[in-house]
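Per this note's numbering, the sequence shown runs over residues 1 to 148.
Since the hints were derived computationally from the structure, they do not count as laboratory data. Watch out, some of these pointers could steer you wrong.
Said to hold, decoys possible - Pairs of lysine to aspartate or glutamate residues, derived as DMTMM-like cross-links and limited to a Cα-Cα distance of at most 20 Å, are as follows:
no., residue 1, residue 2
1, K124, E80
2, K125, E98
3, K125, E102
4, K125, E84
5, K124, E84
6, K125, E80
7, K125, D37
8, K124, E102
9, K124, E98
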Amino acid sequence: MTNQHSTTRDERFAQGLEVLRSVDGEAGQRVIDSLADISPELGHQIVAWGFGEIYQRPQLVPRDRQLVTLGMLTALGGCEPQLEVHVNAALNVGLTPEQIVEAMLHAAGYCGFPRALNATFVAKKVFAERGLLPVGQQPAQEPPATSA
1 MTNQHSTTRD
11 ERFAQGLEVL
21 RSVDGEAGQR
31 VIDSLADISP
41 ELGHQIVAWG
51 FGEIYQRPQL
61 VPRDRQLVTL
71 GMLTALGGCE
81 PQLEVHVNAA
91 LNVGLTPEQI
101 VEAMLHAAGY
111 CGFPRALNAT
121 FVAKKVFAER
131 GLLPVGQQPA
141 QEPPATSA
């Protein structure tokens, strides 16, 4: 009897890579590529486990997962390169610049102003690269149409 949930190492990696690309885009792939000559196994585990197993779980939608990730990376501090990838990912999955900044402001009460400042400056860099500054000055997005 075969376990229908068992997958091979290569299948988990392929599935994770698809999720990584849909969320992080090129930035995620650059992270994995940067590990090729020092720790390809770490790159594999980030993709296969982090994205192929954890990130795709249905209990949280990608937008909510990124919001949690932003809070965690802000609180940890010293994770600015990873935070940059995840600010981009947060934008990719539907968070607005205002929501991202609000999450970092909210984190200040729990992890302090220095970490919230560092995170906010990472967000500012990403927003500048994507033409999203000044925050709050972008055209409002239309809410999705609802059927009556």
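Consistency of the hints with the structure:
1. K124 with E80: 12 Å, holds
2. K125 with E98: 14 Å, holds
3. K125 with E102: 16 Å, holds
4. K125 with E84: Holds: K125 and E84 sit about 8 Å apart, inside 20 Å.
5. K124 with E84: 10 Å, holds
6. K125 with E80: Measuring from Cα to Cα gives roughly 11 Å; hence the hint holds.
7. K125 with D37: 28 Å, violated
8. K124 with E102: 13 Å, holds
9. K124 with E98: This hinted pair holds, its Cα atoms lying about 11 Å apart.
When each numbered hint is compared with the structure, a violation occurs for hint 7 only.
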